[in-house]
Amino acid sequence: MRISSFFYTIGQGFKNLGRNKWYTLASIATISACLFLFGLFYSIITNFENVVKTAEEGVSVTVFFNEGTSEEQILAVKSDLEQRAEVREIVYVSADDAWEDFKEEYLGEYADGFTENPLADSANLQIYLNDVSLQGALVTYIESIDVVREVNRSEVTANTLSGLNVLIAYISAGIIIILLLVSIFLISNTVTMGIAVRKDEINIMKYIGATDFFVRAPFVVEGIIIGIIGSIIPLVIIYFVYTNAIAYVVSRFTMLSTLLNFLPVSIVYNKLVPISLAIGIGIGFFGSFTTVRKHLHV
Amino acid sequence: MEKGYRRKRGTRQIPDDEVITLENVTKSYSTGAPALNGVSLHIKKGEFVFIVGDSGSGKSTLIKLLLRELVPTDGEITVLGYNLRKIKHSKIPKFRRNLGIVFQDFRLLKDRNVYENVAFAQRIVQTPTREIKRNVPSILATVNLAGKYKNKINQLSGGEQQRVALARALVNKPTILLADEPTGNLDPNNSWEIMKLMEQINENGTTVIVVTHNREIVNAMKKRVITMKKGVIIEDEEEGMYIDED
Chain A
1 MRISSFFYTI GQGFKNLGRN KWYTLASIAT ISACLFLFGL FYSIITNFEN
51 VVKTAEEGVS VTVFFNEGTS EEQILAVKSD LEQRAEVREI VYVSADDAWE
101 DFKEEYLGEY ADGFTENPLA DSANLQIYLN DVSLQGALVT YIESIDVVRE
151 VNRSEVTANT LSGLNVLIAY ISAGIIIILL LVSIFLISNT VTMGIAVRKD
201 EINIMKYIGA TDFFVRAPFV VEGIIIGIIG SIIPLVIIYF VYTNAIAYVV
251 SRFTMLSTLL NFLPVSIVYN KLVPISLAIG IGIGFFGSFT TVRKHLHV
Chain B
1 MEKGYRRKRG TRQIPDDEVI TLENVTKSYS TGAPALNGVS LHIKKGEFVF
51 IVGDSGSGKS TLIKLLLREL VPTDGEITVL GYNLRKIKHS KIPKFRRNLG
101 IVFQDFRLLK DRNVYENVAF AQRIVQTPTR EIKRNVPSIL ATVNLAGKYK
151 NKINQLSGGE QQRVALARAL VNKPTILLAD EPTGNLDPNN SWEIMKLMEQ
201 INENGTTVIV VTHNREIVNA MKKRVITMKK GVIIEDEEEG MYIDED
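So the protein sequences, as listed, match chains A and B.
To convert, note that position 168 of the first sequence is 168 in my numbering; the numbers rise steadily by one, no gaps.
To convert, note that position 83 of the second sequence is 83 in my numbering; the numbers rise steadily by one, no gaps.
By construction, these hints were calculated from the structure, which means they are not laboratory data.
Do not take every clue at face value.
[Claimed, not checked] Straight-line C-alpha distance at most 20 Å; calculated PhoX-like pairs for lysine-lysine: (1) K64/B to K294/A; (2) K88/B to K45/B; (3) K110/B to K152/B; (4) K15/A to K223/B; (5) K199/A to K150/B; (6) K15/A to K110/B; (7) K294/A to K223/B; (8) K64/B to K88/B; (9) K110/B to K21/A; (10) K152/B to K133/B; (11) K110/B to K199/A; (12) K152/B to K21/A; (13) K91/B to K294/A; (14) K223/B to K44/B; (15) K152/B to K15/A.
[Said to hold, decoys possible] Here are a few chain A residues that sit away from chain B, every Cβ distance over 12 Å (derived from the structure): (16) R2; (17) F102; (18) N130; (19) V148; (20) T160; (21) S162; (22) N203; (23) G209; (24) I224; (25) I228; (26) I246; (27) I267; (28) I275; (29) L296.
Just so it is clear, CB atoms sit at the ideal spot from N, CA and C, and this is done for glycine as well.
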């Protein structure tokens, strides 16, 4: 392709936007509406996932050891457990640390009456997990270690969080698939109508001797531009809606904001921007590409 | 191969100066009688040919076959050396660049001006911009529209619109000009103007094929006339006449 033809094709793609104002507006509005819903849903789900993840990070398994187990033995168990994939972090709490914590939390000045550490055999390991659904397997393993006396865990919390994770994954996948299917249906209909109006132009091009590529290229450029604009608009709207909504919730519902840790917009947009652009451009590209193909057999 | 002949086709060789060859061409649609039934036709370079006949006689099907918009059900069509039964889809654009086409309804791009409509044809065949700027004004001058190059299509009369369509068909310097009822939407004065332009184009060496119902023009111009009826050629005469079959 000549350079002048290349720029002509790009130029025609831009000019087509103006030539078919209503079609352009309808297509942009459809893509924007679909991606707005998608972006809104994505932001909510991402925050919800973050809340669950934060809760998960707080869930730990506490391991107590038999009487007389030395610090070296406990630290050896710690090193062994740290090799396991499901373990994120292990904190060693010595008997003295355990007693200090206990005194601070429950006894205060009354602790002076104790001359010896009553929690002498309370040295323990606090294990934090990468994935709470793997808690059961880890506990089974720990219980099989000789020096282990007792393993404390919150099975209900772990199961609830694990179940929530699965539920979020299913709901997200379901809603995203429905939104994408609706988007593709609406957008391909809009593109089909827009191109049907220009069937004559495509016919003339074919009669004159245009190659399929030359006929298709301006439409595809146009589709991509529509896709880009159609994805930028909802991203801008969601940006303002999201930041204002969080600011409002934090200022009005102080208690809620201490419980829920909202993600900053930059974190949400790290993935939302490329996903939205990819969907917008993809739909614009494939929508125009496949619809023009129907009219190429002249 | 004998000098002056291009290629053997069955028992007949195609002479070098023959641009269109149809051998026993039949085109059937899914229902009804064939639109073309065993048509054979030979048109030489530089000829001016009228194809006449009533509605349903097969004229439009013939034009569509020559444009390779349709493929014959049977028989062979060779246009400018391209076998239109066997031509690959990817080769069709290159083939069509040898043809100029004019329709009854002009088929101009209404959202573009006169210059853009003609330049559009050059863009499609990827003519450099410098040449387009030289060629378009020249061809517009040939069809007497030099002063209206900035006009939008809806600001032109029917005759002017057909002249724009003619300029668009000619700007790529086609070997064959196909015109499907070019005067069908025009008054007698404009019809004559278009036909005179076509005659002038033909005198410059372009083969011109005109499908028409316009008896007055056909009979006055004294060109080759091919008369079709119910999918067959019933008459083919040099300096022929369009005779009312009824």
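Quick rundown of the hints versus the structure:
no. : hint             : in the structure
1   : K64/B to K294/A  : holds, 19 Å
2   : K88/B to K45/B   : violated, 24 Å
3   : K110/B to K152/B : holds, 7 Å
4   : K15/A to K223/B  : violated, 44 Å
5   : K199/A to K150/B : violated, 25 Å
6   : K15/A to K110/B  : holds, 14 Å
7   : K294/A to K223/B : violated, 40 Å
8   : K64/B to K88/B   : holds, 17 Å
9   : K110/B to K21/A  : holds, 15 Å
10  : K152/B to K133/B : holds, 18 Å
11  : K110/B to K199/A : holds, 13 Å
12  : K152/B to K21/A  : holds, 18 Å
13  : K91/B to K294/A  : holds, 19 Å
14  : K223/B to K44/B  : holds, 13 Å
15  : K152/B to K15/A  : holds, 16 Å
16  : R2               : violated, 5 Å
17  : F102             : holds, 83 Å
18  : N130             : holds, 55 Å
19  : V148             : holds, 74 Å
20  : T160             : holds, 61 Å
21  : S162             : holds, 56 Å
22  : N203             : violated, 7 Å
23  : G209             : violated, 4 Å
24  : I224             : holds, 20 Å
25  : I228             : holds, 23 Å
26  : I246             : holds, 46 Å
27  : I267             : holds, 46 Å
28  : I275             : holds, 36 Å
29  : L296             : violated, 9 Å
In this structure, the hints that do not hold are numbers 2, 4, 5, 7, 16, 22, 23 and 29, in rising order.
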